[in-house]
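Colleague: The lines below spell out each chain.
There are 4 protein chains.
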Amino acid sequence: MSHRDGMTLTSSGFFVSQEAPIHTDNPVPTPQAPAPDILRCAYMELVVTDLAASRKFYVDVLGLYVTEEDAEAVYLRSTEEFIHHNLVLRQGEIAAVAAFSYRVRAAEDLDKAVAFYEELGCRVERRAEGWTKGIGESVRVTDPLGFPYEFFFQTEHVERLSWRYDLHTPGELVRLDHFNQVTPDVPRAVKFMQDLGFRVTEDIQDDEGTVYAAWMRRKPTVHDTAMTGGDGPRMHHVAFATHEKHNILAICDKLGALRMSDRIERGPGRHGVSNAFYLYLRDPDGHRVEIYTQDYYTGDPDNPVVTWDVHDNQRRDWWGNPVVPSWYTEASLVLDLDGNPQPVVARTDSSEMAVTIGADGFSYTRPDDADEMPTWKQGEYKLGHQL
Amino acid sequence: MSHRDGMTLTSSGFFVSQEAPIHTDNPVPTPQAPAPDILRCAYMELVVTDLAASRKFYVDVLGLYVTEEDAEAVYLRSTEEFIHHNLVLRQGEIAAVAAFSYRVRAAEDLDKAVAFYEELGCRVERRAEGWTKGIGESVRVTDPLGFPYEFFFQTEHVERLSWRYDLHTPGELVRLDHFNQVTPDVPRAVKFMQDLGFRVTEDIQDDEGTVYAAWMRRKPTVHDTAMTGGDGPRMHHVAFATHEKHNILAICDKLGALRMSDRIERGPGRHGVSNAFYLYLRDPDGHRVEIYTQDYYTGDPDNPVVTWDVHDNQRRDWWGNPVVPSWYTEASLVLDLDGNPQPVVARTDSSEMAVTIGADGFSYTRPDDADEMPTWKQGEYKLGHQL
Amino acid sequence: MSHRDGMTLTSSGFFVSQEAPIHTDNPVPTPQAPAPDILRCAYMELVVTDLAASRKFYVDVLGLYVTEEDAEAVYLRSTEEFIHHNLVLRQGEIAAVAAFSYRVRAAEDLDKAVAFYEELGCRVERRAEGWTKGIGESVRVTDPLGFPYEFFFQTEHVERLSWRYDLHTPGELVRLDHFNQVTPDVPRAVKFMQDLGFRVTEDIQDDEGTVYAAWMRRKPTVHDTAMTGGDGPRMHHVAFATHEKHNILAICDKLGALRMSDRIERGPGRHGVSNAFYLYLRDPDGHRVEIYTQDYYTGDPDNPVVTWDVHDNQRRDWWGNPVVPSWYTEASLVLDLDGNPQPVVARTDSSEMAVTIGADGFSYTRPDDADEMPTWKQGEYKLGHQL
Amino acid sequence: MSHRDGMTLTSSGFFVSQEAPIHTDNPVPTPQAPAPDILRCAYMELVVTDLAASRKFYVDVLGLYVTEEDAEAVYLRSTEEFIHHNLVLRQGEIAAVAAFSYRVRAAEDLDKAVAFYEELGCRVERRAEGWTKGIGESVRVTDPLGFPYEFFFQTEHVERLSWRYDLHTPGELVRLDHFNQVTPDVPRAVKFMQDLGFRVTEDIQDDEGTVYAAWMRRKPTVHDTAMTGGDGPRMHHVAFATHEKHNILAICDKLGALRMSDRIERGPGRHGVSNAFYLYLRDPDGHRVEIYTQDYYTGDPDNPVVTWDVHDNQRRDWWGNPVVPSWYTEASLVLDLDGNPQPVVARTDSSEMAVTIGADGFSYTRPDDADEMPTWKQGEYKLGHQL
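As they're listed, the protein sequences go chains A, B, C and D. Start counting the first sequence at 0; every next residue gets the next number (numbering that gives the first Met the number 0). Start counting the second sequence at 0; every next residue gets the next number (numbering that gives the first Met the number 0). Start counting the third sequence at 0; every next residue gets the next number (numbering that gives the first Met the number 0). Start counting the fourth sequence at 0; every next residue gets the next number (numbering that gives the first Met the number 0).
Think of the hints as simulated: they come from the structure by calculation, not from any bench. Just to be clear, a hint being listed does not mean it is correct.
[Claimed, not checked] With a Cα cut of at most 30 Å, we get these calculated DSSO-like pairs of lysine-lysine:
#: 1; chain 1: B; residue 1: K55; chain 2: D; residue 2: K55
#: 2; chain 1: A; residue 1: K111; chain 2: A; residue 2: K132
#: 3; chain 1: A; residue 1: K55; chain 2: C; residue 2: K55
#: 4; chain 1: D; residue 1: K190; chain 2: D; residue 2: K111
#: 5; chain 1: A; residue 1: K132; chain 2: A; residue 2: K55
#: 6; chain 1: C; residue 1: K55; chain 2: C; residue 2: K132
#: 7; chain 1: C; residue 1: K111; chain 2: B; residue 2: K111
#: 8; chain 1: D; residue 1: K111; chain 2: A; residue 2: K111
#: 9; chain 1: A; residue 1: K111; chain 2: A; residue 2: K190
#: 10; chain 1: B; residue 1: K132; chain 2: B; residue 2: K111
#: 11; chain 1: B; residue 1: K111; chain 2: B; residue 2: K190
#: 12; chain 1: C; residue 1: K111; chain 2: C; residue 2: K190
[Claimed, not checked] Computed list of chain D residues with no C-beta within reach of chain A, every gap over 12 Å:
#: 13; residue: A51
#: 14; residue: E68
#: 15; residue: R89
#: 16; residue: A94
#: 17; residue: C121
#: 18; residue: V123
#: 19; residue: K132
#: 20; residue: P143
#: 21; residue: N179
#: 22; residue: T209
#: 23; residue: P340
#: 24; residue: V343
#: 25; residue: T347
#: 26; residue: A358
We treat Cβ as the ideally placed atom computed from N, Cα and C, and that holds for glycine.
Pulled out of the complex, with its shape left as it was, chain A reads as follows:
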């Protein structure tokens, strides 16, 4: 990532700069083969241990629409989606992520994906049309970071339900917004994703240049996926967007009414990173789901990259509300192409939680005022080392 010296401090307390090549000690080589042209994150395939319970959570509580279902799987989509699904719930033994699936621009991009990943020595499999319901031919890989990625172009079209206000709920989920992945070495991961054609929009660093997390996009929003520093490969969350903030509050209210408020892990709140309004839930298997709204357009090639200081207490929550420790430490396993969990490798760089809360960390609201947390905030920032 860029060094902070070359950045411009904004009036909001973060820095901006132009995206730069990543320096990393242990890079994944850049393939000669061109990357496939990825349109957007398209769907996640989740393995769940109780399909009925998960269906209830995603359909009855969150209001996703069932495109199709059978005894083993439920195929769900958000309001404005016209491809077959944005989420597959598949019954299995171990809760995990089977695929982070991206749509590419054309059928030819599948061949590019094969060449790109094979050059890197990755395991690559072509799957025939219908291997996943509603999806045409696809390519599945275990990527150099250990994640199960899928690429496809062909898909069944279904009806966009944007105009079907008679079906909408107060907490309507309108589109799949992004994935978030946990990986030990963030600069290594970002450099690889740049080779795959992703553009960095925001990151969190300290002044020694340690990178704690980074956000990357193909479609012109803040991200299609993010890399969160931690023990990985694991899946941090999958995020759906609503139209307005009250839709997110309505989900909280409904969870309260159903006496399911313990599904709320963190939020609602306003992110510093992305400027979006957010909520984090945990599904019946503990898979984390974010509900998200109102980030910003990032589609220009010179879109300013935003860099946050890891000690800025407004970076993760603009209102300075604390991040619950589980949010930093817990994440979902990911599977290899045989359906076995990938081993998890520990992060060796500093932990964001450790450097910001607890005895060895610090956070500030105003950079010059780091010792001045009021009493009502102190308990929260002691929490880390108490656990």
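Dock chains B, C and D against chain A, hints included.
Modeller: Just chains B, C and D now, kept in the frame of chain A:
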């Protein structure tokens, strides 16, 4: 308060009953003199130690309107108010509350207030018109619970700014909603307030009948004031209402932009009690201000009283988000009629914080499921005994 | 009503004054008997000609909750209601209003109602408990203005659904807000309602003192009922409140999705009068229903009365959008106590529609600028005399 | 455009199909030269006749941010913009549009633009950096449809104000969303725009295949520009997006408070086309500005094209509210590269207004129910032929 045996359990997890006479071991005697006819909570007089800093907080940040000001005091009102002010900021040595002021129906009610409190042996003073700017003749008392109460009818009328959308901010405060007082013995306080003509709308109890807090109203909302169990007399908070939830979120966003997010103590969230959407801020002196919206109509004489179990983790926050300890323990001093702080008497009944979090407390999302708090909630509920 | 000379012009373009005795040439005598103590408008009984169609409109489309139903009638309530119902749909031959029903403070107020109306020579009937399901003993009268009024205190309590967010729809109706009646002689009607204990909050006048409409309250909102000048007695509309403005927009969106947009008669928009956000619908029989949110507190005895100039084009819609002629001319019949439609008497005072639009009328956005309506507004204000 | 025979009728009443080559009798030839790679609509240059009045409208009323200004021009941007401006107000004699300006992906695209338009015989001019403040080298053309188009890549970066909530107003405009152009022959215009690299997202047709309007995009929203059938070349409107619907309502409320409600031409409402919530204003020169929020993602290559029946009364307003005639007939002149107004050519195809309202038109809410407009809608749909 009513015993839970006579209550009806609702499908939302709380109980309802009809208001009943309070049994308390140490009652304030019921005066023979009739109570004054109180319309509503009208304004609070706050002593602040840095008038310029407080003015900045309430005017520049929160957007209250200045009706009048001089070197010693600023008189502020909310958007739809037509009386002179809802808040007086007065420069002083010690941050405290000088008056909880209520408007009565007619000038004759001042005589009733004098008789009512004199019969109770309270110190009572009549103040001439203009003693407080914009307010006609008033009666100030130190009530049997130790609080400085004021009653007035006459006031200067000012323009309601409801239609002045050119002046409104994204976080517009439209009316003064309620006060909240800290007092050691809640049943004693509630019984006294009933004698003063207040009606109970909600309370928090345990199954032995210990009362932790109660809400009482004159105008037909959930409250004009509440009694929160704790060391007192102290002022817990003063609350202003917005029209919509996004107005409250906008206040948080603005505090973030001003790098004042550490003014946010708790929330935003949805209350169980009152069903309102809320946010708690702390002003430059630490006085607590709530921003509040969307409770319900309570004006019928048989309005059901709502009773919450103190162990119900959704009573204070419908989404189950934790209450920061300072919210339970910190409050503002109140003054006697000479302007000296009232001594604070310790609560001897159980503390709500102690019985709900920490080693000796417990909270549930579902009554049958008390041991099942997920990992992301456990840290929060350990917090109490760690401090 | 007050003459404009004694009023204060506000910065928003309307006038304020204190409520004054009404001068009217043809008053209803003031009874010696005291008026019953009315709490609030409580429910309307509507006769509908196709019960299934009306049920579909109010339950499936608008989301009111069914408390009880049988072959002849459906009893509906809004989210936060704890009395049995706010609306009765009763199958009948002729679409009409059978009762404007108000709740009184105590059972004794029924006797007061009897004496009050009998002194006026009105037809008065006591109805036994259960005559209307869920309602105890009641008094029904044909009032001096020809309207079927009901008063009751006793009622079955039902569960408030405010916390049942799992049941709420995007267009949730949270409470019954008000009625609106059409009557030929507004000052006569207002004077009578003052005798019944109502307080005036707003009115529309011209500078000769002709009164076109007036709003009156018992509960401290802008109104429990209003008197709209026109041929009457007829029912102009019944209004339900939502929490937020987006709830009203959601109703419009849903009607579009159901291809029922022709149920929308006027709005959504912002009223000048009341400052509330509004929408007018027409039910399957043409009964008009308003959806309404965010007026202001009016409970102080010296609450300023707001007077609008009939030519102020922002009085009915703060955004200057035109009022569709049907809104002025169409209204529902009302029934006598035998269930027969009351004869309709023509208004002889000037018509608000005639004086504001068309060849003989005029409207202004700015008082000094009456000839300056831009081209996009001219068509609208010609509309009246073209029909 | 596609013929309706090959389209799929949706449950919402419109049709979907895949984008197809346009058949038009009088096509602009397809250049051999490749089109420039356009990112998005970037800014409009408006000539205004009273710069101070226009500045007041766009800055003081609508809240756009001034990046820079001088005696002749004001450069304005929306909240999240990081390029120099989204709107230039330039003092001039005749109110008109001087440029529809698009940002391209790279400096090389300027050469492509020159070649593309020169091959078509258009007048093309290169403008040096700084010819427009904040903009680098640019290419300006009079396109084959008669519109002044600009292309640029280089621009000064300014601070994104998304996090500056302390500056935001209740009606905050967050981004430039789209342009809308009036042209006599819509299929001819669309075919040309496809050659320029635009993709069609929606259109309005009748069953003989007459096209009344079409929407086209580069960035993945419903449009960067639209072609509205009518006398042209003229500019129909420029549109800014808000985050939420209440932001748009706040603009209406503020215009009312400023007694400028006559600036509101149409709305607020929900579009059928685009599914967005909208409002149309007219600036001091009559230039039309739309405020717009919440359309849908269109970035996939097989994004379904939505086709609306011109007689569907919900196509322009999903709630069936009438379109004011001025909205169809009035538009702004556009300038040639010397700053002279382009001559306006009359549309010869059917007029959307004529075929939908008035004696020779018809509109339906439900296709099988065309004669059943209720009385409150009839006046509106007669309006057309009455003018």
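Colleague: Classify the label on R89 (chain D) as holds or violated, using whether its beta-carbon is more than 12 Å from each beta-carbon of chain A.
Modeller: holds, 24 Å
Colleague: Are the Cα positions of K132 (chain A) and K55 (chain A) separated by 30 Å at most?
Modeller: holds, 21 Å
Colleague: What's the verdict on K111 (chain C) and K111 (chain B), does the C-alpha distance respect the 30 Å limit or exceed it?
Modeller: holds, 28 Å
Colleague: With a cut-off of 30 Å on the C-alpha distance, tell me whether K55 (chain A) and K55 (chain C) pass.
Modeller: holds, 27 Å
Colleague: Is the Cβ of A94 (chain D) more than 12 Å away from each Cβ in chain A?
Modeller: holds, 29 Å
Colleague: Taking 12 Å as the cut and beta carbons as the points, is P143 (chain D) off the interface with chain A?
Modeller: holds, 27 Å
Colleague: Minimum Cβ separation between C121 (chain D) and chain A greater than 12 Å?
Modeller: Answer for C121 (chain D): holds, closest chain A Cβ roughly 26 Å.
Colleague: Mind checking the alpha carbons of K111 (chain B) and K190 (chain B) for me, to see if they're no more than 30 Å apart?
Modeller: holds, 19 Å
Colleague: With d taken as the least Cβ-Cβ distance between E68 (chain D) and chain A, does d exceed 12 Å?
Modeller: Per Cβ check, E68 (chain D) is outside 12 Å of chain A; nearest 20 Å; holds.
Colleague: Would the least Cβ to Cβ distance between T347 (chain D) and chain A come out above 12 Å?
Modeller: It holds; T347 (chain D) is separated from chain A by about 32 Å at its closest Cβ, greater than 12 Å.
Colleague: Going straight from one Cα to the other, do K111 (chain A) and K132 (chain A) come out at no more than 30 Å?
Modeller: holds, 23 Å
Colleague: Find the nearest Cβ of chain A to the Cβ of N179 (chain D) and say whether that gap is larger than 12 Å.
Modeller: Non-interface label on N179 (chain D) holds, nearest chain A Cβ at 19 Å vs cutoff 12 Å.
Hint compliance for this structure: no hint is broken.
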